[in-house]
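Student: Fit chain B with the ligands to the known structure of chain A by using the hints.
Residues per chain are reported as follows:
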Amino acid sequence: MAVSLKVNGAIRSVPAEPDTPLLYVLRNDLELNAAKFGCGAAQCGACTVLVNGQPVRSCVTSIDQLNGAEITTLEGLGTIDKPHALQRAFIGEQAAQCGYCINGMIMAAKALLDAKPHPSEAEVREALAGNLCRCGTHGRIIRAVLHAASEMGRT
Amino acid sequence: MNASLSRRDFAKGLGGIVLAFSLDPALAQPGKPLPGSLATNKMLDAWIRINADGTATVFTGKVELGQGILTALAQIAAEELDLPLSRVAMISGDTGRTPNEGVTSGSQSIEYSGTALRLAAAEARALLLELAAAKLQVDASQLRVTDGIISAANGRSIAYAELAAAVDLHREATANVKPKPAGAHKVVGLPVERFDIPGKVTGKAAYVQDLRLPGMVHGRVVRPPRYGSTLASVDETKVRAIPGVIAVVRDGSFLGVIAEREEQAVKARIALTEAARWTLGPELPDPAHIFEHLKALPAKVEVIGTKQSPVDASARVIEASYTKPYMAHASIGPSAAVAQFNDGKLTVWTHSQGVFPLRAEIVKTLKLQAGDVRCVHHEGSGCYGHNGADDVGLDAALLARAVPGKPVRLQWMRDDEFAWEPYGPAMAMQAKASLNGEGRIVDWNYELWSNTHSTRPQSTTGANVLAAWYLAEPQQMGPPTSPPQPAGGGDRNAIPLYDFPSQRVVHHFIQDMPLRVSALRTLGAYANVFALESFMDELALAAGADPVAFRLAHLKDPRGRAAIEKAAQLAGWTPDQKSDGAHGRGIGFAKYKNLACYVAVVADVEVDRASGRVSVLRAFAAADAGLVINPDGLTNQLEGGIIQSTSWTLHEEVKFDRQGILSRDWSNYPILTMPEVPKVEVALINRPDERALGSGEASQGPMVAAIANAFANATGRRIRDLPFHPARVKATLA
Ligand code: FES
Ligand code: FES
Chain A
2 MAVSLKVNGA
12 IRSVPAEPDT
22 PLLYVLRNDL
32 ELNAAKFGCG
42 AAQCGACTVL
52 VNGQPVRSCV
62 TSIDQLNGAE
72 ITTLEGLGTI
82 DKPHALQRAF
92 IGEQAAQCGY
102 CINGMIMAAK
112 ALLDAKPHPS
122 EAEVREALAG
132 NLCRCGTHGR
142 IIRAVLHAAS
152 EMGRT
Chain B
5 MNASLSRRDF
15 AKGLGGIVLA
25 FSLDPALAQP
35 GKPLPGSLAT
45 NKMLDAWIRI
55 NADGTATVFT
65 GKVELGQGIL
75 TALAQIAAEE
85 LDLPLSRVAM
95 ISGDTGRTPN
105 EGVTSGSQSI
115 EYSGTALRLA
125 AAEARALLLE
135 LAAAKLQVDA
145 SQLRVTDGII
155 SAANGRSIAY
165 AELAAAVDLH
175 REATANVKPK
185 PAGAHKVVGL
195 PVERFDIPGK
205 VTGKAAYVQD
215 LRLPGMVHGR
225 VVRPPRYGST
235 LASVDETKVR
245 AIPGVIAVVR
255 DGSFLGVIAE
265 REEQAVKARI
275 ALTEAARWTL
285 GPELPDPAHI
295 FEHLKALPAK
305 VEVIGTKQSP
315 VDASARVIEA
325 SYTKPYMAHA
335 SIGPSAAVAQ
345 FNDGKLTVWT
355 HSQGVFPLRA
365 EIVKTLKLQA
375 GDVRCVHHEG
385 SGCYGHNGAD
395 DVGLDAALLA
405 RAVPGKPVRL
415 QWMRDDEFAW
425 EPYGPAMAMQ
435 AKASLNGEGR
445 IVDWNYELWS
455 NTHSTRPQST
465 TGANVLAAWY
475 LAEPQQMGPP
485 TSPPQPAGGG
495 DRNAIPLYDF
505 PSQRVVHHFI
515 QDMPLRVSAL
525 RTLGAYANVF
535 ALESFMDELA
545 LAAGADPVAF
555 RLAHLKDPRG
565 RAAIEKAAQL
575 AGWTPDQKSD
585 GAHGRGIGFA
595 KYKNLACYVA
605 VVADVEVDRA
615 SGRVSVLRAF
625 AAADAGLVIN
635 PDGLTNQLEG
645 GIIQSTSWTL
655 HEEVKFDRQG
665 ILSRDWSNYP
675 ILTMPEVPKV
685 EVALINRPDE
695 RALGSGEASQ
705 GPMVAAIANA
715 FANATGRRIR
725 DLPFHPARVK
735 ATLA
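Chains as they are written, first to last, in this note's numbering: chain A, 2 to 156; chain B, 5 to 738.
Chain A with its partners taken away, still in its complex shape:
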């Protein structure tokens, strides 16, 4: 059984059952590494991607719900050579220890900045409340998001 999905602008056909969580399709069929398995239960945010611009937990989103939807992953934001302002800010702030949570942090921040280009620190914290980090990188993550926001405001 094949299902077709639009990921980072390209239509991709994947040989998976319709009830397959998007996360496994992204990671295994499309070889996109960024979204991570953390809990499989919508509790941690490591697997966050954007669906039509909204942050979604790909571990609990089956692919049959995504017909015609625009799916964006961290890979779709930018690359090492052409990073998105958020990616650049996370590198600039060195905002990662192990980095396992960072995909979710950036994707949730992307959705926030799209809706609210100049958030306060409290709004950044609130927007990332559902994304867990175990390494204690929170302070740097908040700084990176605020930095990216001011950067994006300038260009």
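Note that these hints are calculated values from the structure, not bench results.
Warning: the hint list may mix true and false statements.
[Unchecked claim] Derived DMTMM-like pairs (lysine to aspartate or glutamate); straight-line CA-CA distance at most 25 Å: (1) 7(A) / 214(B); (2) 208(B) / 71(A); (3) 83(A) / 200(B); (4) 7(A) / 65(A); (5) 683(B) / 65(A); (6) 560(B) / 550(B); (7) 311(B) / 214(B); (8) 242(B) / 32(A).
Tutor: Chain B with the ligands alone, transformed into the frame defined by chain A:
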């Protein structure tokens, strides 16, 4: 003279990495082992190879755990080789290729691996110069090296690339070539961005979870309902009928499944869980009486830190007891591994902190030869000590054995990690002190009860990996061990740094382990500093003294005093701070392991009496870590520890009942979330003449005490049992 690396514990992945060396390094000395890890891995080409394209490949037995170690070690090698960082490639933690440097832990990587690499690289460069001198027919001392090009004064030059084939590094290191002095450093000492971060923020393959090998299949395991259970029967028919299932693997009470696709393996695991019938292992202790239970178990009793002098019989005696629950490492990504058997040879890709110890346990458990097993490090999610990393490596190997030739990737599910990882042990602490008429502590008695804080692989007997205990031919768990004082294990930081005329500290090292336990950051220090520093505040209250003044009155160590004074000053501490019933302020202090970084923290809390919620608003920390090399990195290490400690203190406790572990996902093991993270301010006390001290685990103890004391200051009531969750807060305030 010792290896004198001034910055052995550098920025733990926070900020640019800067390292530098304060003094001349130790060279080889007659009759002494070679410095650093050269002592156990002597061949130069075990550390460094020069390639035909003029690049260098550098090997280390230490591994990246998100602390930025590989970037730092590359800086060291590039510096001594006079190569740009971009031409140095790192190979780490591979039993087939790298030196054996045991486990990566305890902030010792720069000291051991860094020293070895520094001396090996200096020697490799000298050998290259020797060859160049012969070819260019000049004296080696006349040569200069820039970016891998060796040039003579007469304008002739030769590149490392041209010498690569001729230079013979397959020889024992002499450690006689002096590395560069700090003043000549060009790469070391620079704030270099970590190599791994750009890939991690753009979705490049960075973790073992991202490894995809040709023909790879997916595994999942099914663990019993609780410790020590045995598999009575399993009806595999339904499981085998699930599309994509390749094999159900059973060895004794080890049970797993392999499928073509990952989601198929996840479905099959659910079916296999339902199909398995277990003979249950012993019940767990009653959590309501866990500390009585632990205290009644057989223990080795050790008396440490005794001081004697007569105690005034009229002194007031004050007593208090404290507890710390079992806590989880709770890595964000569950542990994972990939394993493959080919012609009887096994390869395991793993995020273990020690690929050689893991290999030793796999060899023993699967009855293989060491030469037939290779463990290769790939990063995983942060581990904070001994989590499920090694266990999942053996699990993957057991699955791969059933499908020879096929690589099997296995990531534990969330509940595998929570329910089966080795926890930081529960601890009980009891303190009793005597105050004389002048409000001075004249006698101090402290007892603690704890399990071991290390059951890591490679144990002396048996095997310390989970599945080994459940096989048809099982291994036993190795005997519990505890590092001796002054660093200590459960008794880490149990001896007060304060100057009491009379004291006695007793470590009850409990031997039986009703819950699985091992190393979690700080070992016993978090619990001991919580108890010791809470009790100091209780005594200050009894003596009618200000907590800061009371500490200073009992402490001679000038660096400790300076840290306390600095934190108080930073926070604007004033004696007799009156609380409005909701807001409070407290201080905590320790010198980590009694031999590393001094940290004092003042915390401000807000207590919501209605909901029982405690919020930590701010923390002001002062730290003396000796010579400061990278203030930004050091600040952030301390900040990370403060945030982690806030999470442990407010939320964390492994829940269980007599039937088994109940903490199986983030809803029953909550951790600190982004809105709850305190604002942290850190002041560093630079001691240019003192050795640089490790600081990655130094702030957790002072922070828990600061929160506890701030709570007592806010409410007039004291909580002596961790964590400070709403139900306990409400009960305390009722
Ligand atoms: S993995 Fe999806 S929310 Fe945790
Ligand atoms: S950086 Fe490791 S979990 Fe956030």
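Student: Name the hints, by number, that the structure is in violation of.
Tutor: 5, 7 and 8
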